[in-house]
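K.L.:
Required output: the full structure, derived from the provided sequences and hints.
There are 2 protein chains.
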Amino acid sequence: MKTWYGFAKGKTDGDQTMRNLLGGKGANLAEMCALGIPVPPGFTLPTSLCVEYTQSGASTLSADVRQAIAEGIGFIEENLPGTKLGDKNKPLLVSVRSGARVSMPGMMDTVLNVGLTKETVEALSETTGNRRFALDSYRRLIQMYGDVVKGVDRELLEEPLEMLKKEEGVTFDSELSVEALERLVEKLSAVYKQETGDDFPQDPKAQIEEAVAAVFQSWGGKRAISYRAINRIPDDWGTAANVQAMVFGNFSATSATGVAFTRDPSTGENCVMGEWLPNAQGEDVVAGIRTPGPLDEKDAADSDVGSLEDKMPEADRELREVMAVLEKHYKDMQDIEFTVQDDQLYLLQTRHGKRTAKAALQIALEMVDEGLIDTRTAVSRVSPEQIDQLMHPQIDPAAEKDFLAKGLPASPGAASGLVVLDADTAEAQAKEGQAVILVRKETSPEDIHGMHAAKGILTQTGGMTSHAAVVARGMGRTCVAGCAALSIDEAAGTVTIRGESGERTIKAGDQITLDGSAGEVYLGEVPTIESDLGGDFAKFLGWADEIREVKVRANADSPEDAQNAINLGAEGIGLCRTEHMFFGPDRIGAVREMILADDTQARERALAKLEPMQRSDFEGIFKAMAGKPVTIRLLDPPLHEFLPHDEADMQELAGILGTDLATLKRKNESLHEFNPMLGHRGCRLGLTYPEVYSMQARAIVDAACAVMDADIEVLPEIMIPLIMHPHELKRLRAQVQEIIDAKAATREAMPNILIGTMIELPRAALVADQVAEYADFYSFGTNDLTQTTLGLSRDDSGKFLPFYVEEGFWAADPFASLDQSGVGVLVELGTRLGRKAKPGLKVGVCGEHGGDPASIEFFVNNGLDYVSCSPFRVPIARIAAAHAALNKG
Amino acid sequence: MKTWYGFAKGKTDGDQTMRNLLGGKGANLAEMCALGIPVPPGFTLPTSLCVEYTQSGASTLSADVRQAIAEGIGFIEENLPGTKLGDKNKPLLVSVRSGARVSMPGMMDTVLNVGLTKETVEALSETTGNRRFALDSYRRLIQMYGDVVKGVDRELLEEPLEMLKKEEGVTFDSELSVEALERLVEKLSAVYKQETGDDFPQDPKAQIEEAVAAVFQSWGGKRAISYRAINRIPDDWGTAANVQAMVFGNFSATSATGVAFTRDPSTGENCVMGEWLPNAQGEDVVAGIRTPGPLDEKDAADSDVGSLEDKMPEADRELREVMAVLEKHYKDMQDIEFTVQDDQLYLLQTRHGKRTAKAALQIALEMVDEGLIDTRTAVSRVSPEQIDQLMHPQIDPAAEKDFLAKGLPASPGAASGLVVLDADTAEAQAKEGQAVILVRKETSPEDIHGMHAAKGILTQTGGMTSHAAVVARGMGRTCVAGCAALSIDEAAGTVTIRGESGERTIKAGDQITLDGSAGEVYLGEVPTIESDLGGDFAKFLGWADEIREVKVRANADSPEDAQNAINLGAEGIGLCRTEHMFFGPDRIGAVREMILADDTQARERALAKLEPMQRSDFEGIFKAMAGKPVTIRLLDPPLHEFLPHDEADMQELAGILGTDLATLKRKNESLHEFNPMLGHRGCRLGLTYPEVYSMQARAIVDAACAVMDADIEVLPEIMIPLIMHPHELKRLRAQVQEIIDAKAATREAMPNILIGTMIELPRAALVADQVAEYADFYSFGTNDLTQTTLGLSRDDSGKFLPFYVEEGFWAADPFASLDQSGVGVLVELGTRLGRKAKPGLKVGVCGEHGGDPASIEFFVNNGLDYVSCSPFRVPIARIAAAHAALNKG
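Chains as they are written, first to last, in our numbering: chain A, 56 to 944; chain B, 56 to 944.
Hints are not guaranteed to be accurate.
[What the hints assert, rightly or not] Going by beta-carbon spacing under 7 Å, a handful of chain A positions derived as facing chain B:
{"#": "1", "residue": "V157"}
{"#": "2", "residue": "M732"}
{"#": "3", "residue": "M779"}
{"#": "4", "residue": "P817"}
{"#": "5", "residue": "T844"}
{"#": "6", "residue": "L847"}
{"#": "7", "residue": "F858"}
[Unchecked claim] Have a look at the derived ranges for each label pair, beta carbon to beta carbon:
{"#": "8", "chain 1": "A", "residue 1": "G206", "chain 2": "B", "residue 2": "E604", "range": "55 to 65 Å"}
{"#": "9", "chain 1": "B", "residue 1": "A717", "chain 2": "A", "residue 2": "A539", "range": "11 to 21 Å"}
{"#": "10", "chain 1": "B", "residue 1": "Q656", "chain 2": "A", "residue 2": "E545", "range": "24 to 34 Å"}
{"#": "11", "chain 1": "A", "residue 1": "I711", "chain 2": "B", "residue 2": "A284", "range": "51 to 61 Å"}
{"#": "12", "chain 1": "B", "residue 1": "T743", "chain 2": "A", "residue 2": "R559", "range": "19 to 29 Å"}
Calculated from the structure, these hints are not laboratory results.
Where is the CB? At the ideal position from N, CA and C, for every residue including glycine.
P.N.:
Take a look at the structure:
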């Protein structure tokens, strides 16, 4: 068994596959060296030594490990000719790092500059001609070593530095004089002695040995143990320790430091991108005190520093070679840190580069064209969230913004416009060509036309699945919901915003900007970046479609929505809300007449007016979705949602209905409910007013037959909402079936019409085996299921749910991302029980979670057949579904 | 193997233990005969013959069975000397009945008068001198035989009778002339022939054989098979067939018929009770054409018929002997049917007699005194529902009533009073000594004083666990809730009731009567029967306490309630709703100040005013419950429940708070919630306004310490409501514990204070294993759990839930009796998961179901430690818990 594994350019004992022995970091360093990448030489003490050490209970390293360290140091010195540990001319300095099989916060991380002593610091000072640098390196060592190796209180080690800065009257560490740094070293040495009882060790080898022992010990530290317990990492894995030569970009005039990307992380363009500084340390680039130069000469026009290509052509050439090798090897865009010391290039780190959504898509597409990756890999490289970004305009990150308030990111995108406080004005101003933002306490179905006319919607109350949020997402409008800081005075035409820094008031007609992706509101017009998908997006989505197993449908309520859904790749409609059709100006009158009817006869008269309109809507939708399934939910919301709310509207309605205001008010009041969400709605309406569902079923059946007769394939699915008891479905199914049978008796052929139900109450999930007898399909309505399982009204949770998310009870708003350990249990149970009673039962989801990537992965893992979401989220869902399939492996 | 089992007084082949072979009916007949009871002789063909017959697939009986029938007939003739099957002078007539191991609707039941033919009908006519009777018996045979043996359509067999009655212009069957009956027999014979193809059989033996074959065949009939499938009765049990001699009370002047109870079924008094008629059939007693006489001479003063004791002393003596034997044997009050034929007494049936609640208790108590039964049996004889009746006044069943409307039976009892439409008037009129009924759309906490002052409460909306219902039960007031037919015009002082028969209007000040047990409302004052428990009731409850395993606590919110609960036998308080204390006139001001506070500081100022009041309430309750656990729920309802609702009250409050109406209205509006049941309440308030729970916890801890210092044992349990996530409880538990610890630091000894939670949301039950880590106890809040699991607002379900109960979706309102197959699954799961994580976790229930007998049985079977209910239901719960233990066996 080897006790140490050396790595240096082209010379290595390990490789990427040896993570268990060398840890993640050690294996990666070995891999890079094996590729011939110039990496500062070093060696890895394998995890087995840590396990031995920990099990032995010893407080100092064994002779074997000390021997391994000695040999490893020899290896480094060999590969960094001229340097030697403790040498008075060119001392070898090293870093010591832990590195377990998986990355593990809670363990000792890094000690830099190990090998510096009172003696070697002088050598460093002389060699570099930079006494500041040498002293600063030494004081950093004492601090880091004291902290992470010896466990000295970090505060105590910071205090002398802060006091010194005060004494000297300077702000930045870098402004301290050499003399001050000398005093700092003295003071830190004194603190070190006082806290540990020992002088700061002056033997470089002893420093390394103690640091390695500290790495091994940190495996058994309290934080590491608790991290492992939470993440179920076995205690007997152990950690490796990596000892690696330090290199310095500020070592000499022929030294430099920089960062590089193998492709442009903003645009994805395949070119060398990056920055460098001569005779500097990495942190100088970050600190922004000096302006770095570009790598490529073509970008160097305005640079004082000049390009690396021009100034250090040899290092530049080598860097480009290395970048090509790395990208080809890792098959992804790399983000590289490099240092040049005395003309010699060293790679300090390479990792997959972060990139914008646009770049992610571009790189994935091009890498497939280049043959570097296959389409599955390409799909895995672009996250659903990035697709989301690409589909909507975004606030320009560089823009100046006057922040007004924060709410919930209810529908993504960015939109600017004039504040309007009611739907009618929104519509009127939009007709005049104005961009408007509709600001409401909460929207109701009566605001639909105004929401449609607006560029964006801002509400004071309501959560991620409030009316405003759901409708805005469905329409593709930007929306910030539940912005509790607002207080709207519609009469005065003002909106007061109470923030931490006091009150501000804006007026109707003022310009504001919404960031629906961040949930933020700004005063004035903030510049945005338009969405830019490009023609290859469809190709990319096609690759995703080949991977995914779950179908993606859309929630759509009109022929226009249906067409939009088709354009965005929907494979059917998972939720068509018939009630949304009720709000058309030509229909609402008949709807209200139906609701206010005093008896069945009057109700049937009103329904007879609605029936042809519903039939024609369904025909349009069926035609748009030719050959694709369309799930139509029968009337769901409580009836009073359709009634007018203010007195003027009521007076008008009374006139139309030929009744008086008092009667209308009484009726209105009699329909009032304390908790409408838990009230007289869904199939409860269907059972108590059977004529309503009969009308709807007839309209569906007649429309389906008409479309079939036009030689268009039609696949209707009638969905009965809010089932809590199998007998509800038994009865309503029979009622609908009777209508189908009656129609069938008049025709030669009939479309195949499925009848199913929503599982949206806990009880329905608990008795899903009994319900299945009467259902051709299940669709989980996870909005309502979340509300009832958590006892949480989506419209009222704005006052406390943010607190829950902030405090980490949930990683995300449970209305936005499925509460997997609560609501998810019922989804799993309902699916399992349903399919136990009826094997192969078709099961989908039509709640808002159908468009959320994390939730989609959950649904895929639980074997659902399809998800359904708003049309604008269909592409995102397609990608997310593909990712879920890839993750399942 | 015997093929038939004879039974006659003192001579029998079988007994009660042979149910499997003889069926229930056969075994009981055998048992009575074994006791020496005079039963008309007969024989039983055992179930094994049915199984053989069914398996053979034959359409006629085997020779063996025919032989058994012949032998059985011989046995009957032997024991009824002089009679003979088909005899022209004294023909034997028999009944043929099925009789399986368990009673089984869906099988052939009974054919009477078998053995009558054209010939024997003449004999019967002659012997009895009653041609009408003979002909009527024959036409009944043809009808019954045709229907149940031959499966002829019953309508066809009824039609001739109906037509004849029309022709003759008579209303009752008994008014038909002899001549008409002769024609009827002819017509029925013709129908029989037409439908079966055969003449009506004239061979008495063949009649019996075919009837027996029909009994056996009915075991394989469609209805019987489906009944067995539903009730999981094995198909291979088979049914027995019983052939028994007919006896006739109208046979002669020395014949009679009657019914008898071994004790008075109204009062329970131990005396002979009953009625008889000479020369009559059982149905004559029922039909009420002749007025029967009493059995006992002491009751005969006003009787035309006279007493059996006087008129037929021999039969009477024998009947009394038989009654004594039967009661002693069956150890329960018996309800007996008897017939005397030619001076010979026959018992036709004996069964446990139905009785009033009062009689049930009286009989159970006396039978224990008499040494007839033990206390366990006594407890099993009185149902919890009967105890409920006994505890409240009841509408006199004999009273004339003017029915107004029907609602939900929300709180039992009967109450009359004047209609008042608001709480203040109710209080004022009650102070003047008026009995009043408070009539409201729905009550709110602001109505409490009026509810207290009223004799009864009537509401238009709201279900079995609405505010009105819960509070009324807690106070022991009669309540009819959710009476949807009402329409209240408070301004006009009228209540309009819309019924099937039109509209009626009553005014404030009119007298009405509520039947809270039936949910009915009557106009005027209807006489009631006062409750009458008697001193032995406590003894009886003591017996129940010895049997039950589950503890019974009460829901009580004040020292008075607590004392009442103790008096009724509560073993602790399972739910003390702190918010009910907030409504006192001296407190509501401070509560409103707390709610309307703009910042934490102002809120703490208001809380400081409330704290001493809460502390003093808790002290009172702890003292009343000395040594018994008291579970106190921290603030639960949404804050806006405490705010005034009408403008005048708001104006007043604004004055008190030194603010303006507009500000108050805005604040009020900002607290408005769309679905308050799912809103900002319970521990969500505790988390967002931690100072509220801290005040309450301090008040509890301080009160507990003060009571402890007065040398009274105190067992406080702090309950945190509406948990949906374990971290809510983790955090709030820590907060409460800190307050306990702070107190402990100032004292030598501390009471042991438990901290637990309610499981009242589906999610809490689903993650009960995680929640248990932070809980010392669980209490299921089944009201809220029902609302969320079923998605059903208790306040809004009045419009459709009655439909569900009427249609049999649920046997009872799920708010009154636990939905065991839905909500019950979560109770079972929550208990199991909780105890898996924390073995021995104390688990109780404090929802309304804690007082419902069927639900209590479910809780007992699921291992709960206690149930808690309103004080007035505690005795009922004690009995129900005992029954549950007895049923578990």
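K.L.:
Min Cβ distance, V157/A to chain B: is it shorter than 7 Å?
P.N.:
For V157/A, the interface hint is violated, since the closest Cβ of chain B sits about 26 Å away, which is over 7 Å.
K.L.:
Holds or violated: the 19 to 29 Å window for the beta-carbon distance between T743/B and R559/A?
P.N.:
With Cβ atoms ~25 Å apart, the hint holds.
K.L.:
Taking 7 Å as the limit, does the beta-carbon of M732/A come near enough to a beta-carbon in chain B?
P.N.:
4 Å, holds
K.L.:
Under the criterion of a CB-CB separation shorter than 7 Å, is F858/A in contact with chain B as hinted?
P.N.:
6 Å, holds
K.L.:
Holds or violated: the hint that L847/A contacts chain B, with Cβ atoms closer than 7 Å.
P.N.:
6 Å, holds
K.L.:
Should the hint that T844/A touches chain B count as held when the rule is a Cβ pair under 7 Å?
P.N.:
Because about 5 Å separates T844/A from the closest Cβ in chain B, which is inside the 7 Å limit, the hint holds.
K.L.:
Let's test the interface hint: is any C-beta of chain B closer than 7 Å to that of M779/A?
P.N.:
At about 5 Å, which falls below the 7 Å cut-off, the nearest Cβ of chain B leaves the hint on M779/A intact, so it holds.
K.L.:
Using the beta carbons of A717/B and A539/A, state whether their distance is inside 11 to 21 Å or not.
P.N.:
This hint holds: roughly 20 Å between Cβ atoms.
K.L.:
Determine whether the Cβ-Cβ distance between Q656/B and E545/A falls within the hinted range of 24 to 34 Å.
P.N.:
32 Å, holds
K.L.:
Next item in the hint list is P817/A. Is there a CB on chain B closer than 7 Å to its CB?
P.N.:
Hint on P817/A: holds, closest Cβ of chain B at ~4 Å, below 7 Å.
K.L.:
Taking 51 to 61 Å as the stated bounds, is the beta-carbon spacing between I711/A and A284/B within them?
P.N.:
With a Cβ separation near 56 Å, I711/A and A284/B satisfy 51 to 61 Å, so the hint holds.
K.L.:
Falls inside 55 to 65 Å, the C-beta gap from G206/A to E604/B?
P.N.:
57 Å, holds
Hint 1 alone, counting from the list given before, is not met by this structure.
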